[in-house]
Amino acid sequence: MLMAKPALKWSHSPGSRHLVLHVFGALAEFERGINHERTLAGLAAARSRGRIGGRPKVLNNQRLEHAQELAAAGMAVPDIADMLLVGRSTLYRALHEEKKGENEMTTASSIDRVWSIRDAVLKWLYLKAMV
Numbered sequence: 001m002l003m004a005k006p007a008l009k010w011s012h013s014p015g016s017r018h019l020v021l022h023v024f025g026a027l028a029e030f031e032r033g034i035n036h037e038r039t040l041a042g043l044a045a046a047r048s049r050g051r052i053g054g055r056p057k058v059l060n061n062q063r064l065e066h067a068q069e070l071a072a073a074g075m076a077v078p079d080i081a082d083m084l085l086v087g088r089s090t091l092y093r094a095l096h097e098e099k100k101g102e103n104e105m106t107t108a109s110s111i112d113r114v115w116s117i118r119d120a121v122l123k124w125l126y127l128k129a130m131v
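Numbering (the working numbering), first residue to last: 1 to 131.
There's no promise every hint is true.
So the derived label-pair ranges between C-beta atoms look like this [unchecked claim]:
hint, residue 1, residue 2, range
1, HIS12, ALA120, 51 to 59 Å
2, TRP124, ALA44, 26 to 34 Å
3, ARG93, SER13, 55 to 63 Å
4, ARG118, GLY50, 22 to 30 Å
5, ASN60, GLY33, 36 to 44 Å
6, ALA76, PHE30, 38 to 46 Å
7, LYS123, ASP82, 29 to 37 Å
8, TRP124, GLU31, 32 to 40 Å
9, SER48, TRP124, 19 to 27 Å
10, ILE117, GLU31, 37 to 45 Å
11, ARG93, ILE52, 13 to 21 Å
12, ALA26, ASN61, 48 to 56 Å
13, GLY87, GLU31, 38 to 46 Å
Everything labelled a hint here was simulated from the structure, so no lab data went into it.
The C-beta atom is built at its ideal place from N, Cα and C for all residues, glycine as well.
Using the sequences and the hints given, assemble the complete structure.
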């Protein structure tokens, strides 16, 4: 029985191995990019249909307002958490975010934002001059 000779001899030199490695790497990177684009398109389509995704919130607005009223009345946070059937850390986080949101709205003025932008630009220019 006669064996056919291969039409192309494959070289096992380090250069050809390097080439094959880079070609496979480029193909893998291309495929990963396509998967990323498809994932983002799917998320955008779901968002347009009203789907947000992620874990549902344990404390809705009504329960959070009730927790704030109880905390303002002097009830301890662990007791409030037990009553609402949520974790203490969840309740602490929710109450802290509400306070933080209120403070940002009352203390931040437009002039403060202008000064912070000015400072950021000056810092950028300073760092650019150092290079």
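Okay, the hints, checked on the actual structure:
1. HIS12 with ALA120: 51 to 59 Å: holds, 55 Å
2. TRP124 with ALA44: 26 to 34 Å: holds, 32 Å
3. ARG93 with SER13: 55 to 63 Å: For SER13 against ARG93, whose Cβ atoms are near 59 Å apart, the range 55 to 63 Å holds.
4. ARG118 with GLY50: 22 to 30 Å: For ARG118 and GLY50 the Cβ distance comes to about 41 Å; the hint is violated.
5. ASN60 with GLY33: 36 to 44 Å: holds, 39 Å
6. ALA76 with PHE30: 38 to 46 Å: violated, 57 Å
7. LYS123 with ASP82: 29 to 37 Å: Given a distance of about 47 Å, which is not inside 29 to 37 Å, the answer is violated.
8. TRP124 with GLU31: 32 to 40 Å: holds, 37 Å
9. SER48 with TRP124: 19 to 27 Å: violated, 36 Å
10. ILE117 with GLU31: 37 to 45 Å: This hint holds: roughly 41 Å between Cβ atoms.
11. ARG93 with ILE52: 13 to 21 Å: holds, 19 Å
12. ALA26 with ASN61: 48 to 56 Å: holds, 50 Å
13. GLY87 with GLU31: 38 to 46 Å: holds, 41 Å
Violation of the numbered hints given earlier is confined to hints 4, 6, 7 and 9; the remaining hints are satisfied by the structure.
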